[in-house]
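> Read top to bottom, the protein sequences are chains A and B.
The first sequence: position 9 = 9 (this note's numbering), numbered continuously.
The second sequence: position 235 = 235 (this note's numbering), numbered continuously.
If you are wondering where the hints come from, they were derived from the structure by calculation, not from laboratory data.
A virtual CB, placed ideally from N, CA and C, is assigned to each residue, including glycine.
One side of the interface only, derived from the structure: several residues of chain B facing chain A at Cβ under 8 Å: (1) Asp163; (2) Arg166; (3) Cys167; (4) Arg169; (5) Ala170; (6) Gln173; (7) Asn174; (8) Arg176; (9) Ala177; (10) Ala179; (11) Gly182; (12) Ile183; (13) Asn184.
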Amino acid sequence: MLEVTELRAGYGTADVLKGVTLEVRRGEFVALLGANNAGKSTLINCLSGTLTARGGRIVFDGVDLTDYPSHRIVELGIHQVPEGRQLFAQMTVLENLLLGGVGRNAKLKKKQKLEFVFDLFPRLAERRKQVAGTLSGGEQQMVAIGRALVGDPRLLMLDEPSHGLSPLYVQIIFKAMDDLHREGLTILLVEQNLKLATAHASRCYIIERGEIALSGVGSDLVDDPRVRRAYLGL
Amino acid sequence: MDILFQSVLQGLLMGATYGIIALSMGMVFSVSGVVNFAHGDLITLSMFVAFTLYTVLGLDPYGSVVITVPVLLLLGGALYWFLIKPLAGRPVTVIQLTLGLMLIIQNVLLMVYGGEFHRVPSALENQFLFLGEGVVLRVPQLVAFGVAIVMSAALFVVLGFTDFGRCVRAVHQNPRAAALVGINVAKIQLAAFSIGMALLAVTAALLLPGTPLHPSDGLRYTLVGLLPFVLGGMSNFLGILASGLLIGIAESIGAVYISGTTGMALPYMMFAVILVFRPQGLFKGRS
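Please model the complete structure; the sequences and the hints are all you need to start from.
Below, the structure written as structure tokens:
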């Protein structure tokens, strides 16, 4: 479904990604793991079009979107739940969710998708009139995920959704991801937390200094000494 | 007492129009972060288009909006797309650009229409409304007030309760997130900018009846828009409108009660004093 080939990207004169190749197949739950500054966010931002690649190719369902602007990538069905949630802080929960569905494809299904999100996170239904910036971190993460879901994604990408959340909310968020995956949604998760990601994702990539160092099934990777090395940079 | 009532009322009517100029600035600023110093000159430009339409076709200034609104809509769009958008992320350069634009418009108008004052007569120009003893209102001012209030209300509804309005606010609050949910940010900015310009064309028509017209008027309009725009907190649209009314009243009271130029400076003095005590504006910044 998603094929990334030899992707290079960076900021200023430095290349952060030095030729990343990876693949996400339809219906998979793939995790991209790595330490800080390994290039995880750079990669996901290339996939969302907020950063332009310097080389390589990104192909989604046969469409080469390497140079697409963000709104066209969303039109193809690739939605990102950004790091730090990036809500429209002064708008209500409902307004945030509705904004998830302004893309051309999502407009028709908006009502139905909104109900789906309220079923998945009943808390959001209770708080729909509340201003998003006043919610707790965990609730904000629910809004961020809900907002992406209203857009009717075919590939959902999440950038460190567990970051800064209490263990209870981490559990709720990961259970939601499992449920979505079981219903057939393709997920690409970017995570720093190795244990958490390998426990939920079906396949993992480990990125180290802008290159894919390892890949494999989650449970195999946990005990792999090379993983430890990639993380600690030894 | 009657004089006070008359001047407050007149200021209120005038202030609504200033409010619209300021709202148009707010609209442009909130999506693109641009403070457009050529705003008033675009009003003068639109007035001269109306003047031309009057001399050539005999059109009433109210009727000429049919043409001036689309003209400013397109002009604003082109201005944004070809001049302002390429300079995104360089706010100082954009300010220089709009200042330069101000001079260009002024001097082109001066070249084409000359330095003398012109008038664009309207059928409503010499109509008055008498309210009790001694209180007289010019009908064009009433029309201006009514249209300004209706336009503000429409703007409020559009921004508050439509997909387009939500997109405008989203781009204002978090452009990156707006792009990630699939909003074509440049398109929203273009639309908001163009609508802001179209509002100026309407404002020009509202101001024209009974107002003499000169190529150098632009700066005055920019100022009476800039004051409420800043006082209102730059992106709080209700605050901007209320500040417009306040500036209108200050101007009118200054002109009636304080003699000469000091009176005309009253709104500016009030503006300065308010900003000393509330630099963030009178109203909290909310979009």
